[in-house]
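For the record, the sequence lines run as chains A and B.
Residue numbers are given in the working numbering: position 131 of the first sequence equals residue 227, and the series is strictly consecutive.
Residue numbers are given in the working numbering: position 126 of the second sequence equals residue 136, and the series is strictly consecutive.
Mixed in with the good hints there might be a few duds.
Stated by the list, open to error - DMTMM-like, lysine to aspartate or glutamate: derived pairs with alpha carbons at most 25 Å apart: (1) B:K140 - A:E304; (2) B:K140 - A:D243; (3) A:K417 - A:E304; (4) A:K417 - A:E390; (5) A:K110 - A:D296; (6) A:K417 - B:D79.
What the hints contain is simulated information worked out from the structure, not anything from laboratory work.
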Amino acid sequence: MAAYIETVGDLTEKQWVVFRVSQLHNLRRTARDLAHYGRTLTAHLTAAQNNGLAVAVDEVSADGPHDTLAVRATVSVVPGVAKVRGEHDALCISVWPTVSVTKPRARPRLPKLCAVLYSAGSYADEPRNGDDDDDDDDDDDLVGRRDRFCSLPTMLMKGTARLNRAVCLWLSGEFDCCIAPLRLPPVELAWMAAMWSVTDAVADRPLELVYTTPDGDADAGAALRSVRVRVEPDSVSSLWGSLKILLQRRGPELAKTRSTARWRQPLPEDGMDAGDRDEEVGEAMMEALHAHLERLFGLDVRALRLVSVGTNRATVGCDGKLRIASQNDVGGVQAVLQHINDICLTY
Amino acid sequence: MSAASGAPSKLLYPYDKTPKSIVKDFATVLVVGASGSGKRLLADALISTNPDVALNVRVTTSLPLPADDRRPKIDFVVILVDITSRLSFDVAAAALGQLADSYFFGKVCVVVSHVDEQSLAAVDSVSLDKLVELYELSVFRGCMTDHCDRSHVARAVSRLLLLATCRRRPGAGVFVETLNMPVVTSTLLGDEAR
Chain A
97 MAAYIETVGD LTEKQWVVFR VSQLHNLRRT ARDLAHYGRT LTAHLTAAQN NGLAVAVDEV
157 SADGPHDTLA VRATVSVVPG VAKVRGEHDA LCISVWPTVS VTKPRARPRL PKLCAVLYSA
217 GSYADEPRNG DDDDDDDDDD DLVGRRDRFC SLPTMLMKGT ARLNRAVCLW LSGEFDCCIA
277 PLRLPPVELA WMAAMWSVTD AVADRPLELV YTTPDGDADA GAALRSVRVR VEPDSVSSLW
337 GSLKILLQRR GPELAKTRST ARWRQPLPED GMDAGDRDEE VGEAMMEALH AHLERLFGLD
397 VRALRLVSVG TNRATVGCDG KLRIASQNDV GGVQAVLQHI NDICLTY
Chain B
11 MSAASGAPSK LLYPYDKTPK SIVKDFATVL VVGASGSGKR LLADALISTN PDVALNVRVT
71 TSLPLPADDR RPKIDFVVIL VDITSRLSFD VAAAALGQLA DSYFFGKVCV VVSHVDEQSL
131 AAVDSVSLDK LVELYELSVF RGCMTDHCDR SHVARAVSRL LLLATCRRRP GAGVFVETLN
191 MPVVTSTLLG DEAR
């Protein structure tokens, strides 16, 4: 049975929930082992659905209809997701509904659950295989232990909550790992809103920011619970372009005159690369938006909590929900995945 | 604790007023922080930690303070930053610019609150560290809603406060720190001897 995700582009325009995964113990990637994992997961999910009645793994065959099985799971490799060379290829776990006995050739179009585990930067930077010729027994033992662990710290999952829990339980039992949902702090969401609002200084999608009042804030009143800000793509593009030109001409002077930014030491011109300049422009754009909202509505959104951002590249929520826009090319999708992976490694 | 009204004044100076109270152990502390950062909790903790000192704690959401002749001179300033609020950080950064230079010789410190809620952080730790480094301030981190954290932070702030108001002699730590200061020698000494 084919996997639901076969290329990087298949990750776009789907609502994912991001999880953090610790290192996986004894994960093998041969075709035989992946098929075994699929059968094991199928038996686990069927047993869970049958209220704990166990299903023998040997009875689960690769093809053919089985009315007794609730679902059928497959585990496959997805090449090209990891941006960093040398990292392990991503794994895709798909859980399909059972093929009907009357229509054995009918293939279900959508799986009940899909999970992609990937890595774009591992926990350890030291070489995986022992390239040195050291004959020390302790070092060999360490290399051997390291080889048994595989680092795929980020998991994108799409499915029902019950299936999510069941698959996470299976993963933690099969590979002795810990899985936790990713909670994105507002500071990371603000960075994404600043840096992903445009692609090559052009915005194709509106910039959407969702704020909520902090818990226990009695002054907010019962009426004001959330604030949604939507900025049209044309406005975002023109604002970005104007700020970039302004900062290029008067960057050091502006940094000195801004009272709240007195502590910001401007980077020397020869030390700034394109990424640093874009970060400055992004920060300035967010400050301009905040000042504009305060001037128009008397609302200081800096006192509110940012919970969701919708940008040119992706829509991200503080609860770990991620939706990558289809306008992105392969490099854009990989940049989003790389940043999400960095957050998983940090928090 | 009280609030005053009137026209805003200029920079806040530690010695712009003569002490009006003749009580021996009397000190005025100003806690600056945005709404919801835990100013009053910290103020209560400071008062309860120093029962022997007549501590007058004032709270405000921003600087400069309005002109008020009845307000005593401010001996110590505590800048409260809530890492879950971007506004709190901006208020703190602006407030530091409204203090006279003489406050930065041990009369001001920064308290970071809500440190246990990293998943709700709205302030970048790099930005906070840069701000603290620029002014060379002492930083204390804790959760104002937790009693133990609050007491611990209040005790740490009280030590600095008592040092700043000359009610406590500097301990060994300060002495060792002074020993680490670089010694500057003059190359002209040899010329003067000739």
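Outcome of the hint check:
no.: 1; hint: B:K140 - A:E304; in the structure: violated, 30 Å
no.: 2; hint: B:K140 - A:D243; in the structure: violated, 40 Å
no.: 3; hint: A:K417 - A:E304; in the structure: holds, 15 Å
no.: 4; hint: A:K417 - A:E390; in the structure: violated, 29 Å
no.: 5; hint: A:K110 - A:D296; in the structure: holds, 24 Å
no.: 6; hint: A:K417 - B:D79; in the structure: violated, 55 Å
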